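Novice: Protein chains in written order, with numbering that gives the first Met the number 0: chain A, 0 to 283; chain B, 0 to 443; chain C, 0 to 296.
Do not take every clue at face value.
Estimated spans, in silico, between C-beta atoms of each pair [as the list claims (entries may be wrong)]:
| hint | chain 1 | residue 1 | chain 2 | residue 2 | range |
| --- | --- | --- | --- | --- | --- |
| 1 | C | N98 | A | E109 | 53 to 63 Å |
| 2 | B | N166 | A | V11 | 49 to 59 Å |
| 3 | C | L282 | B | P320 | 54 to 64 Å |
| 4 | B | D44 | C | L282 | 44 to 54 Å |
| 5 | A | F268 | B | D44 | 29 to 39 Å |
| 6 | B | R317 | A | G56 | 27 to 37 Å |
Pairs of lysine-lysine residues, derived as BS3-like cross-links and limited to a Cα-Cα distance of at most 25 Å, are as follows [stated by the list, open to error]:
| hint | chain 1 | residue 1 | chain 2 | residue 2 |
| --- | --- | --- | --- | --- |
| 7 | B | K326 | B | K42 |
| 8 | C | K259 | B | K130 |
| 9 | C | K183 | B | K440 |
| 10 | B | K232 | B | K165 |
| 11 | B | K371 | B | K381 |
| 12 | B | K371 | B | K151 |
I should point out that these hints are in silico values taken from the structure, not numbers from a laboratory. Note that the structure is predicted; figures quoted are calculated from it, not measured. Every residue, glycine too, gets a C-beta built ideally from N, C-alpha and C.
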Amino acid sequence: MTTLWSRLALLVVLLWTLLPIYWFLKISLLTPDEIARFPPPLYPLEPTPAAFLNIFGFDYTLADGTVRRGSGQAVQILRGLGNSLIVSFVVTIVTLVVVVPLAYVFARLEFRHKNTLLFAILLAVALPPVSTLIPFYAMYIQLGLAGTLSGLILVTLTITIPFVTWMLIGYFRNLPPIERLARIDGYSRFETFLYIVAPLGRSGIAVAAVIAFLFAWNEYTYALVLVNGTSANTLPTAISGFLFQHPEPSHLAASLALSILPPALVAFFLQRHIAEMNLVDPVR
Amino acid sequence: MRRGVLVTASALALGILASNAQAQMELEATTDQPIYFRGWQYKTDIVQDNVNRYNKEMAGHIDYATVTGDYPAIMEQNLMAGAELDVLYANPSQAGRYFDGGWIMPAEQLGNIDEIKADMYPNILDAWTYKDQLLGLSYFVSTRGVMHVNLKMYDELGYTDADFPKNWDELYAQVYEIRDKGVEQPLLPHWLNEWYGISWAFVFEVMNRGGTLADPETHEPMLTTDENGQAYKTLAAWKGLWNDGMVPEEVLTYNESSYIDAYASGRYVFSPQQLYDLETFNRPDRSQIAGHASLLPYQGQSWGLLDSAMYLMTSREREDPVTEDVKRFTNWYGYKDQDGKVYVGNRWMQESMLFSGYKSVMESPEAAERMKSALARPEDVKAVLEVYANTPYPKGVWSVVWAEEFNSWLKETLQNFLLEDGDIVETIEAINEQIASLNEKYGI
Amino acid sequence: MQRRLAELSNLQFSLLLALPVLVFLLLVVAYPLGYALWMSLHQIVFFGGYRASFVGLDNFLEVLASDDFWWSAWVTLRFTVQSVVLAMAIGLCLALTLNRPMRLAGLVRTIVILPWCVSLYGTGVMFSYLAKGQTGLGTAIAYAFGADEAVNLVNRDWVIEVLAVGNAWNMAPLVAFFLLANMKTIPSRLYDLAAIDRMSRFETFRHVTLPPLRFTLFVFTCITTVLSMKLFDFIFVLSGGGPGTTSATLTYQIYKESFKDLDLGYGAAMSFFLLAMILASTLILYFTWGRREAHRA
Numbered sequence: 000m001t002t003l004w005s006r007l008a009l010l011v012v013l014l015w016t017l018l019p020i021y022w023f024l025k026i027s028l029l030t031p032d033e034i035a036r037f038p039p040p041l042y043p044l045e046p047t048p049a050a051f052l053n054i055f056g057f058d059y060t061l062a063d064g065t066v067r068r069g070s071g072q073a074v075q076i077l078r079g080l081g082n083s084l085i086v087s088f089v090v091t092i093v094t095l096v097v098v099v100p101l102a103y104v105f106a107r108l109e110f111r112h113k114n115t116l117l118f119a120i121l122l123a124v125a126l127p128p129v130s131t132l133i134p135f136y137a138m139y140i141q142l143g144l145a146g147t148l149s150g151l152i153l154v155t156l157t158i159t160i161p162f163v164t165w166m167l168i169g170y171f172r173n174l175p176p177i178e179r180l181a182r183i184d185g186y187s188r189f190e191t192f193l194y195i196v197a198p199l200g201r202s203g204i205a206v207a208a209v210i211a212f213l214f215a216w217n218e219y220t221y222a223l224v225l226v227n228g229t230s231a232n233t234l235p236t237a238i239s240g241f242l243f244q245h246p247e248p249s250h251l252a253a254s255l256a257l258s259i260l261p262p263a264l265v266a267f268f269l270q271r272h273i274a275e276m277n278l279v280d281p282v283r
Numbered sequence: 000m001r002r003g004v005l006v007t008a009s010a011l012a013l014g015i016l017a018s019n020a021q022a023q024m025e026l027e028a029t030t031d032q033p034i035y036f037r038g039w040q041y042k043t044d045i046v047q048d049n050v051n052r053y054n055k056e057m058a059g060h061i062d063y064a065t066v067t068g069d070y071p072a073i074m075e076q077n078l079m080a081g082a083e084l085d086v087l088y089a090n091p092s093q094a095g096r097y098f099d100g101g102w103i104m105p106a107e108q109l110g111n112i113d114e115i116k117a118d119m120y121p122n123i124l125d126a127w128t129y130k131d132q133l134l135g136l137s138y139f140v141s142t143r144g145v146m147h148v149n150l151k152m153y154d155e156l157g158y159t160d161a162d163f164p165k166n167w168d169e170l171y172a173q174v175y176e177i178r179d180k181g182v183e184q185p186l187l188p189h190w191l192n193e194w195y196g197i198s199w200a201f202v203f204e205v206m207n208r209g210g211t212l213a214d215p216e217t218h219e220p221m222l223t224t225d226e227n228g229q230a231y232k233t234l235a236a237w238k239g240l241w242n243d244g245m246v247p248e249e250v251l252t253y254n255e256s257s258y259i260d261a262y263a264s265g266r267y268v269f270s271p272q273q274l275y276d277l278e279t280f281n282r283p284d285r286s287q288i289a290g291h292a293s294l295l296p297y298q299g300q301s302w303g304l305l306d307s308a309m310y311l312m313t314s315r316e317r318e319d320p321v322t323e324d325v326k327r328f329t330n331w332y333g334y335k336d337q338d339g340k341v342y343v344g345n346r347w348m349q350e351s352m353l354f355s356g357y358k359s360v361m362e363s364p365e366a367a368e369r370m371k372s373a374l375a376r377p378e379d380v381k382a383v384l385e386v387y388a389n390t391p392y393p394k395g396v397w398s399v400v401w402a403e404e405f406n407s408w409l410k411e412t413l414q415n416f417l418l419e420d421g422d423i424v425e426t427i428e429a430i431n432e433q434i435a436s437l438n439e440k441y442g443i
Numbered sequence: 000m001q002r003r004l005a006e007l008s009n010l011q012f013s014l015l016l017a018l019p020v021l022v023f024l025l026l027v028v029a030y031p032l033g034y035a036l037w038m039s040l041h042q043i044v045f046f047g048g049y050r051a052s053f054v055g056l057d058n059f060l061e062v063l064a065s066d067d068f069w070w071s072a073w074v075t076l077r078f079t080v081q082s083v084v085l086a087m088a089i090g091l092c093l094a095l096t097l098n099r100p101m102r103l104a105g106l107v108r109t110i111v112i113l114p115w116c117v118s119l120y121g122t123g124v125m126f127s128y129l130a131k132g133q134t135g136l137g138t139a140i141a142y143a144f145g146a147d148e149a150v151n152l153v154n155r156d157w158v159i160e161v162l163a164v165g166n167a168w169n170m171a172p173l174v175a176f177f178l179l180a181n182m183k184t185i186p187s188r189l190y191d192l193a194a195i196d197r198m199s200r201f202e203t204f205r206h207v208t209l210p211p212l213r214f215t216l217f218v219f220t221c222i223t224t225v226l227s228m229k230l231f232d233f234i235f236v237l238s239g240g241g242p243g244t245t246s247a248t249l250t251y252q253i254y255k256e257s258f259k260d261l262d263l264g265y266g267a268a269m270s271f272f273l274l275a276m277i278l279a280s281t282l283i284l285y286f287t288w289g290r291r292e293a294h295r296a
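Sequences and hints are given; from them, build the entire structure.
Specialist: Laid out in C-alpha cells, this is it:
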C-alpha cells in the first residue's frame, strides 16, 4: 500500500515537472509548418533533428527535399554558450568563497549591529532589477564596463551574494549546535568553522552552489541591457531574439533545450552531496 | 580620325576608371577604427555576410552584432548614454524621436543625397523626412495590414475572386456571412500585443476608410464622433466582433511569432498581415496553407499602412575621419555599392521579398521575377504592387516627437475598450484629448 | 586559556569575514538607490534638450494618485500570494517524495530540479505555449476527445493563475531542495521512535518532520515572496502585462514608465513604492512568524 502511494506520488512529481518542458520542446523536433498545425499535435508525428543542426549553423535537408537553412544566429548562440559558462562558473566560485563564511557568521554568532547588517542584506535582495537597471547602466558606461564579461560578473554577484547568504543563514541555523563541543575541545573559531561546521554543512553548501550557478546562468534582465549586442553576450539574450520579426519557434525550442543542459549537469553532479549526508549522531 | 577616336575612347575609359575609382574611394574606409553597427534580429546571417563583404572589399572595420529583445528601448538607452553605436535600424517614428533627442546625424549630410532622394518614391521620401531633413537610408518598406486571404478556405466556402471585399465594411459583412456558414472565427484581426499591433490596426483602418487621426502639419487631433465617421465605424465594428465572440481573446497577448503561426495554421479566412509574409505563408515548410495564401486587391480603398525601417547614423562623439567612415559605410550599405548597384537593397528583395524605397530596386526585372516566385498566383503580383503603391502613411501621429508615447497609450486604451466594453464616443474623445495634451506637453 | 585571550571578539571575527562583502554590497546597493532617489525627486525630460528639474515629492504624490499604480499593486499582491502558496506547498510535496530511498535517486532529483534550470524567460515561453488556445495542451486534449473549440487560459479570468502556476513550477525545486537538505539532517532515530509510538503518517509528519523545517519554511516564504514581487521577464514574455492590463504587475508598470515612456523620475518613484512593498511583506512575515521560529531555535 505504501509502495503504491509512493509510486503514484513519484509519477505525479515527474509528470508535473516534465509536462511543460515536453510540451514546448517537442516543437524542436518539428518543422514550422507542423508547429503551426491546428489543433496542436500531442506528439511529434514526423520528428526531425533539423532545428538542432540549424542552431549550430548547419543546413539540413528534409526527406522531401526542402532545405532548412542554418540559423544566422549560430555564431551568437555559440558565443553566448561560452560566455554563459564562464560567467556562471566564476560567479559560483566567488559566491561560495564569499558567502559561506558570511552566512555562518550571521547564523551562529551574536554581535552588535547584526540586525542592521542583516537588514542591509535584505535590502540588497529586495531591490528589483527593473529599478536598478538604469543606474547600473549609466555607471557601467562611465566605467567602461558595459559590454564586458567582468561587468556582467559583477552585476550577477550583486544578485547571488545577498540571496545565497540569506538562504544559507537559514540552513546554518538549523545545524546542531556543536560549536560548544568543539570549543571545549580547544578549537579556535576559525578551526571550528573549517574542520567541523563546513563538512557538516556540505549539503547546504552544495545546494547553494547549484543555486548560484543557476542564478548566474539564467540572468536575463541585466544581460539584456548591459551586454546585449556585444561580444559578451550570454545565452539567454541570444536565444530571446528567435520570436521576433522572422520567427523560428523550432530554433528557439532547440536553443532552450541546449540551455538547460549545463545547469542540469551541474545539478546532477552536486545533488549527490545531499543524499550522502545521512546524519545519525552529529556529536560523533 | 582614328587617333581622335582612340584618344576620346581612352579618355572616356580613363574617365570611367577615374570615376569608378572615385566612387570606390568615396566608399572605402579611411581609418582602422571600428564602426559599430547594431541590428535587430532579422536574417542576421545575411547582414553579417554583407558586412563581411564591405570589410573585405572596402577595407572596413565594421563591428556588427544583433540586439535581441525590445530593440527600440535598448537602442534608446544606448543613444542616451552615448554608448558605442554608429549605425542602427529605426522605424520613422523612432527616428524622429531620436532626432529630437539630438542623437542622430541625418542622411542629409551625405554627399550624394540628391541622387538618393531622386531614386526614392515620393511618398516614402515624405514619410522619412522629418523637419525637412531626410533622416536615413532605405532598409525596407512594406505594407503592414495587407488583408491576407486564405484561398483554401475561401474556395471551400464557395467564394471566388469576384467576391473579394472592396473595403472594410464589405469585409466585415462577408465575415459575418462566413460565420453564418459555420466558421466561428473567420477573421484574425491585427490586435497583437506588440508596439506595432493593435494600435497600428486602429490607425490603418481609420486611414483606409479615408480618415486621419491628426493633421500631418499641425498634429491637431482630427477624429470626429460622428456615427458615420471613420473612427466611429471602426470602433463599432471592433466592438461587434468582440462581443459576438468572433475573435479569440488570446490575440491580445500574441507576439509576432504567435500571430504568424496562428494564421499559418489555416484556421482563419482573413487576416491583416505583413506584405512580405505572403512569401512566408506560401512556403510549404513554413505554413499549412502554402500555395493558397493570397491578398485582397486594391479596389478603391487602400489596405494597411506603410511600415518601414531606415539605416540611421548616430551623432555621438567621434573624430572627424571616423565620422567620415561612418558616412561611407552607411552610403555603401544603404544605397549603392562600389559597382553602382543597390547591393543590399536588391539582396533583401531576392532573399525575403522585402521591398525597398528605391525605384532602381523595385522596378528591376529581378524584382519582378522574385515576386512571381513567392506568390501563390501570377495575378497576385499586380495586386501586390497596386496595394503597395496606394499604401498610406500616418504622418500626423508618426512624424512627431510624441509618436511612441502616443502609440503605447493607444495600445492600452484600445485593449481596455475591448475588454471593458468601453463607450465609442468616449474613447474617440479620449484619443483626441490625448493628442492635444501631448501637443501641449511638447509645445507643438 | 592563553589562546582564548588572543582570539578576536565575535564582532571582530564576523567583521573580518564580512567586511569585503559588505563594502561591495554597500557600493552596489547604495549607488543605485541613491541614483534612483535622485531621479525620483526630479522630472527628467530628454526631448528638446535634456532637462532635469527638481520637483520634490511630486512624483511620489502622482504615483499615489494614479489608478494604474493601485491596480498594478493589487495584481502584484494577488500574483505573489498565489505563487508563494503554490510554490511552498509543491516544494514541500516534492521534498517529501524525494526523501524516500529509491532507485536512480540522482536521476530523479535532477529531473525535479529541471524547472529551476529553465530560465524564467524559458518558463514564460513554455507556459505561454501550454496555456494559449492556439497551441495549448488543453486544446490538444479537447480535440482528441472530439471537442471543436480551443481551450484558452490566457484570458482575463485565468491569466494571473497561469502566471502563478508557472512561477511556482519554476520556484518549487528551490524550496524542495533546501527542505530536503534540512530533512536529511533529521536523525533517523526520531523516526524509529515515532514508529515505536505507533504514530500515524500524518502525526509523524507533524511532529517529527515538520518542526525542524519550520524556520526554513519561513525563510523560503520570504524568499519566494521577494522573488515573485521582483519578477519581470517571466510576465513580460508570457502575457506582456495582458490581456490589456490584467497581468500588469508593478515591475511591468515600472518598465513601461521608465523604458518606454522615458518618464524616469516617475518610474523611479514607483520603484520606491515597490521596494517598500517588498520590505514591508518581509518584515510582516518576520514579525508574525519568523520571530517565533527564531526564538524556538
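Novice: Indicate, hint by hint, whether the structure satisfies it.
Specialist: Comparing the hints with the structure gives:
{"no.": "1", "hint": "N98/C / E109/A: 53 to 63 Å", "result": "32 Å, violated"}
{"no.": "2", "hint": "N166/B / V11/A: 49 to 59 Å", "result": "56 Å, holds"}
{"no.": "3", "hint": "L282/C / P320/B: 54 to 64 Å", "result": "59 Å, holds"}
{"no.": "4", "hint": "D44/B / L282/C: 44 to 54 Å", "result": "53 Å, holds"}
{"no.": "5", "hint": "F268/A / D44/B: 29 to 39 Å", "result": "36 Å, holds"}
{"no.": "6", "hint": "R317/B / G56/A: 27 to 37 Å", "result": "34 Å, holds"}
{"no.": "7", "hint": "K326/B / K42/B", "result": "24 Å, holds"}
{"no.": "8", "hint": "K259/C / K130/B", "result": "23 Å, holds"}
{"no.": "9", "hint": "K183/C / K440/B", "result": "63 Å, violated"}
{"no.": "10", "hint": "K232/B / K165/B", "result": "16 Å, holds"}
{"no.": "11", "hint": "K371/B / K381/B", "result": "10 Å, holds"}
{"no.": "12", "hint": "K371/B / K151/B", "result": "19 Å, holds"}
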